[in-house]
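These protein sequence lines map, in sequence, to chains A and B. Residue 137 in this note's numbering sits at position 137 of the first sequence; the count goes up by one each step and never skips. Residue 296 in this note's numbering sits at position 296 of the second sequence; the count goes up by one each step and never skips.
To be clear, the hints were calculated from the coordinates, so they are not data collected in a lab. Just to be clear, a hint being listed does not mean it is correct.
[Unchecked claim] Incomplete in silico selection of chain A near chain B, CB under 10 Å: (1) P361; (2) T424; (3) N622; (4) P635; (5) K638.
[Said to hold, decoys possible] Quick list of simulated restraints, FRET-style, between CB atoms: (6) L180(B) to G249(A): 53 to 63 Å; (7) L654(A) to L70(B): 21 to 31 Å; (8) H144(A) to I241(B): 55 to 65 Å; (9) L547(A) to V71(B): 40 to 50 Å.
Glycine included, each C-beta is placed from N, C-alpha and C at the ideal position.
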Amino acid sequence: MVVGLRVGVCLLAALAVPVVAQTDGAAGVAIPATTSAINSATSLSQRVVAYDMDAKYNAKTHSLDATETLTYHNLTGQALDTLPFHLYLNGFQPTSTWIREGKRWNSYGPDLGTWDPKSYGAEEIKSFEVVGQGDFTSQLQFIHPDDENKDDHTVVQVHLSKPIPADGYVQFKIKFRDQFPEALARTGWNHDFVLGGQWFPKVGVWWHGAWNCHQFHFDTEFFADFGVYDVKLTVPQYEVVGASGIEVGSVNNPDGTKTVTYHGDDIHDFAWTASPHYLIYNDTFQGSMGPVKLRFLMQSAHWGQAERHARIIKETMEHFDRWYGPYPYKTLTIVDPEPGSAAGGMEYPTFITGDTRWFIPKGLLWPEDALEHEFGHQYWYGMVATNEFEDAWMDEGVNQYTQIKILDSIFGASTSLVNMWGLTAGQVDQARTGYEGVADLDPLAKNGWQYADSNSYGGITYFKTALSLLTLEGVIGEDTMRRAMHTYFMRYRFTHPSKEDFLKTIEDVSGQDLRWYFSQAVYGTQVLDYEVMKITSVPVDWYKENLNEKKGETEYVSNVWVRRKGEFVIPIDVEVKFDNGDRVREHWDGQDRWVRYAYQKKARVESVEVDPDHKIYLDRNNFNNSRIAEPNGQPAGKLTNYWTCISQFFAQFLAWWLV
Amino acid sequence: MNGKTSLVAAGAAIVRRNKRYVVWFYLLNLAFAHFGASSFSDAAHGILDHSLYADKLLHGFSLGVFLELLVRPEFGTLPSATHPAMLFAVVFLLASLLFMPGVLLGYASDHGLPRDEFFRACGRNVWPFVRLSLFFTVFAGSMAGILFAGLNALVSAADKTSNERLPFFTQLIGSVFILLVLTIIRMWFDVAQTDVVLRDQPAVRKSIVAGFRKTRRKFGRLLGSYLVIAIVAMAVLVTGILLWYAIAPSSSVLGAFIIGQATMLLLLATRFWQRATAVACYAREITEPVADEGRSIPGFAAPPVS
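Let the hints inform the model, and build the full structure from the sequences given.
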């Protein structure tokens, strides 16, 4: 769908009285045009779904019984007779694709070898009714669109007896039961804490002319349509609850439970959490579309960090608002999950989880790193709702890029991750460390579950993407890049853009054909590595006997060789510095494998540096980007000194105890 | 020896009077660590010496650049740096095992021990010291294994609560307790080693029993002394790190070297102080008659306190 038409549909949906249903069975149904959860008088997205759910959580068994009424608006332009649904919690079973991939990669994550069956998760549909067409419970079929694993039950499909016409509505009434897993990743319980993520049957997305409803994979995340959520959560009265959207009511029940009601507009998922131990810290961010209520659910041991959490969230929101576009929702819930629960560092619409510990010093910006990143996903996932299964780099990587920009802006480029005890590390350092080991394994443009392994998935989707965009800044300019990101956000918010939508936006805004770059950085696996090969400075009168070299008087012929070691071709600058202080800048298109520069001056070459402005972040090896004529042993001497002391200490420790 | 002088002071006096042992052991420690660091040093010099990027390690310390260095293929694998260091740590351990009998004899002597006596003591007691170390390793290792297993169970139980600090403090307090137990065992074997050297008898098991009895008899004073010295050792380490951080400019390789080596020297001295304390305790044991074991060792002179 072209951009203009998409915007038009949104406006129509927002301004009109709710459209009446057009199918036999779903007469009178529509997607509500409510706006109470957003700072906007009109709806912001093309609303495809409306979820109305009533769920009762049993804190003792970590299970949940719920009813779900899903209204689906068929905006595919064609009649639909088949709809797939995600049942993500079934991924937490020993034969699922999620677990099999985790076992296969075995590169990080939980110790699945000792997985207690009591900790499994499950999502069971008790009944499935299509309004006007009858009960389809017995006709549901598990499908496996991504692999041949017939034991994977994370996607179920229903074949309707009557197709939904184009622009028609259909309504499903589903009863289901969840067994939350002990949290292994993103969702589940830990002690008396629970995070309810991916907990309800969720319809797939019709995208590019087909259903897009992938199985739950070990690394990949999610993809869903925008809509309206009305959710009633019944939990024990002692629980403190937080959820996506705005809280619209809370009623105590006679049986010791309470029912808390939430409403969300223009979101594509709904998550919630409950724990008796949360302490609530409230704050407000004044955004350009209106005030945003910030609600922090803190662990009591982290209460002293509440203001620290609030500060980074507000600074991050201010940067996003100023650089990329407004945050339109009225709320943001920030959850400080149970430590060690594997639920930290996760994003859901208007709901994020941070990650901290009680002992984190101020100079270790781990909480800030997590909070900024997860808030960033409100933009790159939450509003610009890319397909996280197929284009993980577009949410994780683009988000990592903006994270680097924002945290560097707040804390300084070299200290935006660690700044204590004389040790420093920046966001770029983190990205480079993650990227270098996997630089040539996979391209960005690849299905998330088809990467070589989890290290490659993380190193490429998060870090190579970020470094590629930072390097692109060097090509088109920082201001242009920021305008491109702003344009991309404003153009594609509340839609599902593809990778080409993103890349073309950058080309549009920059006015440049950047295919040469994208074909290598996005679609290719070429490695970028330039090297200063060699420096020589020889006196012109080298042949004379008793040559007496004098600084500033003796004339030298100097040669400098620069080499492209990798396959990635990018134009570079080279700076040659002479021992009389002169500097010469060269520009090389990098097409050949090497280039030589020759000079005749009354000075020797002192040093040569490729990329002297440090704009090429993708270069795999920064050490060989420069060469100094006279070696300087001090840095290595410093490290050797450290290492010697550590070795001495270790030897003394051994002797202390054993002799 | 003045029996009223504290063991800590008596031990300190012995170490002060025999400074050369600490200095020689320190030089061995430094030399072996230098050999152990050579492959690390060669690899680091090969990558950093000609690079401007290395400046981020000299002025300040960029963790990111350091990690980039470690993952460079030309730097080699991490074991290629750690294995030589471990190997030479073991060599230092063996050297300590070899020369410690001479040190203990020197500590017990009221005059400067002649070189030939020193080496004779070393040679004569190699095998008993090896056996003592094996006994210690088996006994202390078993004890540590049992205690750590118990501690892990406690930490796991603490981990099941919602109190985030509880597992940490359980681990901390449990570890301190285990260190205390290991210190007591070490103290016992230090006295046993002294017994082997000073009684000049190869029956290690007898020395272990004797060490146990003497340690039990002076348990409070000896343990107190060991703990005081251990606290001094920790203070030395912390002070050294703080001075390194606060005083030495990040680009001053020499300044950091001096502070680092001074810390290592003093740290080593604290362990010798503990040993001297054990020798002083042993000497008092045999010069103060007791009901059940009031005998002296022929030819042994109790070390004076100056």
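Outcome of the hint check:
no.	hint	in the structure
1	P361	violated (14 Å)
2	T424	holds (6 Å)
3	N622	holds (5 Å)
4	P635	holds (4 Å)
5	K638	holds (5 Å)
6	L180(B) to G249(A): 53 to 63 Å	holds (58 Å)
7	L654(A) to L70(B): 21 to 31 Å	holds (24 Å)
8	H144(A) to I241(B): 55 to 65 Å	holds (57 Å)
9	L547(A) to V71(B): 40 to 50 Å	holds (45 Å)
Violated hint for the displayed structure: number 1, the only one.
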